[in-house]
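For chain A, the structure is supplied; the task is to place chain B on it using the hints.
One line per chain: the protein sequences are A and B, in this order.
Each number in our numbering comes from the position in the first sequence (counting from 1) with 156 added on.
Each number in our numbering comes from the position in the second sequence (counting from 1) with 156 added on.
No lab work stands behind these hints, which were simulated from the structure alone.
Any given hint might turn out to be false.
[What the hints assert, rightly or not] Among chain A residues calculated to face chain B with C-beta under 7 Å, some are:
id, residue
1, Cys322
2, Gln326
3, Ile395
4, Gly396
5, Leu487
[To be verified] With the Cβ distance kept under 7 Å, some of the chain B side facing chain A (calculated, not the full set):
id, residue
6, Ser196
7, Val263
8, Arg297
9, Val443
10, Leu444
Only a predicted model underlies this, so the values are computations on that prediction, with no experimental measurement involved.
Glycine is no exception: its CB is placed at the ideal position from the N, C-alpha and C atoms.
Number of protein chains: 2
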Amino acid sequence: MTMTSRETAAEGLGAAALLDRTRTVVDPELRSIVESLPGSIRRVAMYHFGWEHADGSPAAGRTGKAIRPALVLAAARALGGDPHTAVRAAAAVELAHNFTLLHDDIVDGDPTRRGRPTAWTVFGIPDALVAGDAMLALAVRLLAEDAHPASAAASARLAGCVIELCAGQQADCAFEGRGPHEVSLDECLAMATAKTGALLGCACALGALYAGAGGAEIEALDAFGREAGLAFQLIDDLIGIWGDPERTGKPAGADLAAHKKSLPVVAALASGTAAGAELAELYGRPVLDDAGVRHAADAVERAGGRDWAQTQAADRMARAVQQLSRAVPDLTAAGELLALAEFVTRRTR
Amino acid sequence: MTMTSRETAAEGLGAAALLDRTRTVVDPELRSIVESLPGSIRRVAMYHFGWEHADGSPAAGRTGKAIRPALVLAAARALGGDPHTAVRAAAAVELAHNFTLLHDDIVDGDPTRRGRPTAWTVFGIPDALVAGDAMLALAVRLLAEDAHPASAAASARLAGCVIELCAGQQADCAFEGRGPHEVSLDECLAMATAKTGALLGCACALGALYAGAGGAEIEALDAFGREAGLAFQLIDDLIGIWGDPERTGKPAGADLAAHKKSLPVVAALASGTAAGAELAELYGRPVLDDAGVRHAADAVERAGGRDWAQTQAADRMARAVQQLSRAVPDLTAAGELLALAEFVTRRTR
Numbered sequence: 157m158t159m160t161s162r163e164t165a166a167e168g169l170g171a172a173a174l175l176d177r178t179r180t181v182v183d184p185e186l187r188s189i190v191e192s193l194p195g196s197i198r199r200v201a202m203y204h205f206g207w208e209h210a211d212g213s214p215a216a217g218r219t220g221k222a223i224r225p226a227l228v229l230a231a232a233r234a235l236g237g238d239p240h241t242a243v244r245a246a247a248a249v250e251l252a253h254n255f256t257l258l259h260d261d262i263v264d265g266d267p268t269r270r271g272r273p274t275a276w277t278v279f280g281i282p283d284a285l286v287a288g289d290a291m292l293a294l295a296v297r298l299l300a301e302d303a304h305p306a307s308a309a310a311s312a313r314l315a316g317c318v319i320e321l322c323a324g325q326q327a328d329c330a331f332e333g334r335g336p337h338e339v340s341l342d343e344c345l346a347m348a349t350a351k352t353g354a355l356l357g358c359a360c361a362l363g364a365l366y367a368g369a370g371g372a373e374i375e376a377l378d379a380f381g382r383e384a385g386l387a388f389q390l391i392d393d394l395i396g397i398w399g400d401p402e403r404t405g406k407p408a409g410a411d412l413a414a415h416k417k418s419l420p421v422v423a424a425l426a427s428g429t430a431a432g433a434e435l436a437e438l439y440g441r442p443v444l445d446d447a448g449v450r451h452a453a454d455a456v457e458r459a460g461g462r463d464w465a466q467t468q469a470a471d472r473m474a475r476a477v478q479q480l481s482r483a484v485p486d487l488t489a490a491g492e493l494l495a496l497a498e499f500v501t502r503r504t505r
Numbered sequence: 157m158t159m160t161s162r163e164t165a166a167e168g169l170g171a172a173a174l175l176d177r178t179r180t181v182v183d184p185e186l187r188s189i190v191e192s193l194p195g196s197i198r199r200v201a202m203y204h205f206g207w208e209h210a211d212g213s214p215a216a217g218r219t220g221k222a223i224r225p226a227l228v229l230a231a232a233r234a235l236g237g238d239p240h241t242a243v244r245a246a247a248a249v250e251l252a253h254n255f256t257l258l259h260d261d262i263v264d265g266d267p268t269r270r271g272r273p274t275a276w277t278v279f280g281i282p283d284a285l286v287a288g289d290a291m292l293a294l295a296v297r298l299l300a301e302d303a304h305p306a307s308a309a310a311s312a313r314l315a316g317c318v319i320e321l322c323a324g325q326q327a328d329c330a331f332e333g334r335g336p337h338e339v340s341l342d343e344c345l346a347m348a349t350a351k352t353g354a355l356l357g358c359a360c361a362l363g364a365l366y367a368g369a370g371g372a373e374i375e376a377l378d379a380f381g382r383e384a385g386l387a388f389q390l391i392d393d394l395i396g397i398w399g400d401p402e403r404t405g406k407p408a409g410a411d412l413a414a415h416k417k418s419l420p421v422v423a424a425l426a427s428g429t430a431a432g433a434e435l436a437e438l439y440g441r442p443v444l445d446d447a448g449v450r451h452a453a454d455a456v457e458r459a460g461g462r463d464w465a466q467t468q469a470a471d472r473m474a475r476a477v478q479q480l481s482r483a484v485p486d487l488t489a490a491g492e493l494l495a496l497a498e499f500v501t502r503r504t505r
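Same shape as in the complex, but just chain A (with noise of 0.2 Å):
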């Protein structure tokens, strides 16, 4: 359950078979709804999500690898719901979440996403900061129109995760004024539960909402999906420093060559050791080269901040399964939910 482990083949077409099978059932129904909007801003979200060109004519489509929709199914099934009646909800979380990468990629500046140019510096920021609050209109507008009795429950809730999640991306960009000292590791792990772990929980607990769960229940499934985000953050953290730049797409140790304070980063630098006395003085220049990036790769290291994330990630992954098994007492009912963590936690790129 950690990211060594090993895959078996079956587990990994488990997981891949899972997400593909999402993207069939939930894609068109995606599509329709972002079809919908009006005029431009229709234009800026279907280059987004990958269906059209920036000319406007038509793409081959790669709307992401579909794991948040795939957990609303997972879960809602986990609960004994039919998840055909949460195929609504499983969209507008997807939807939801493309919203914020398309806010998150003016406010971080990011030249691209998924391979291709991100939309703002296609459209201008003025069109894609629209689109992007379009598309979080649309998203709650598909809950709170949805004949499902559970639908304003749902659409309440993942309002309040997006209020979450504009926090943890406020604190993220706060972060990285900060000096190398200013940020501890409690306020780095409150980001990323906010940043990452908010919008994984909450599709859990639509899931669950759409399967008549009670309370204990969806609760139960919130957890689990903040944890399994946790763990899936950490993971992303140790692909930004050690991931494999064949696999990545990015050039080795990207995240430490841009400052960034991930969390192997914050609990070195926290760790009170040389190792993290150096790596501070490392980020307090302006830049860093190959060689100062693997200097800086070393020191996280030696410092304990890479051991100390893969333990937390393993650690997050058994309280995640524990918070699962007390609304799913009898896992095996749980399969796709594990085999979806297990795929978040385990990816290399």
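Chain B in isolation, oriented as in the chain A frame:
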């Protein structure tokens, strides 16, 4: 009922007292909700609403005229509902309105709002953008969580309205980049309906929803608000050209100096008159000095743009009243709505 109608003391007091009463009832609800926002997002929102200075110290608070929440409460009353049950809906509409202000100020690059530096100039674009997102989510959550039986329908309607506001804002931006003859009057009216009319219509519709009104009445109230909103925009555009600088706080002809394609301007450009051609030539110049601005205002007037806008505003107000009478045949029950509509189309700044 037109901009040239003279107010009586009683009417004037009516609308002003109504807005005061609305602020007294809605502001505490609004403020306690905004105060619930996490961390730095709360700070941006508190500043935007005028409850805090940039340094976080308490400020006198000047949250705007409260026209939209007043419309929610007045519509609820006009349809026989208890306005007190609609206070959260009124607060939600005001939150949604302020979300658009936060994002519009970024998109338009506006430096001041209500006589103070805009939030993005104080806190930076990332924080202002994310705070706007959170305010939209908060507005929707407020409705979705409300125990009132109409709350889910209200939440879906508000979300749908936000999509329309986004389309209007996007069209407004797109018009800026087009030549003097490349925006038709129909496009301009559609943009103003989406950008200004939609939320006023939504406010009235939400009041009707909360009063337990039927589908036809809700749509009639929405149409009333939209027509009144368009009248409001027409008057606003006239003030942008001929408003008294002492009252508007902006130099005379500010909209002309900014080459804004406001409704009277587009009507003049589309008039096929010699004066319209003069105006097109003036708008073709990168900069207009004071004499140029006066010349342009004169050209709009000679091309019939001023008369058209005044007639159109009166016509829209007549249509608004007609729509209202479909839902409230005895208009004496709709005195508050009429007073508010008259107020927004009479204002001189």
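Which numbered hints does this structure break? 3, 4, 5, 9, 10
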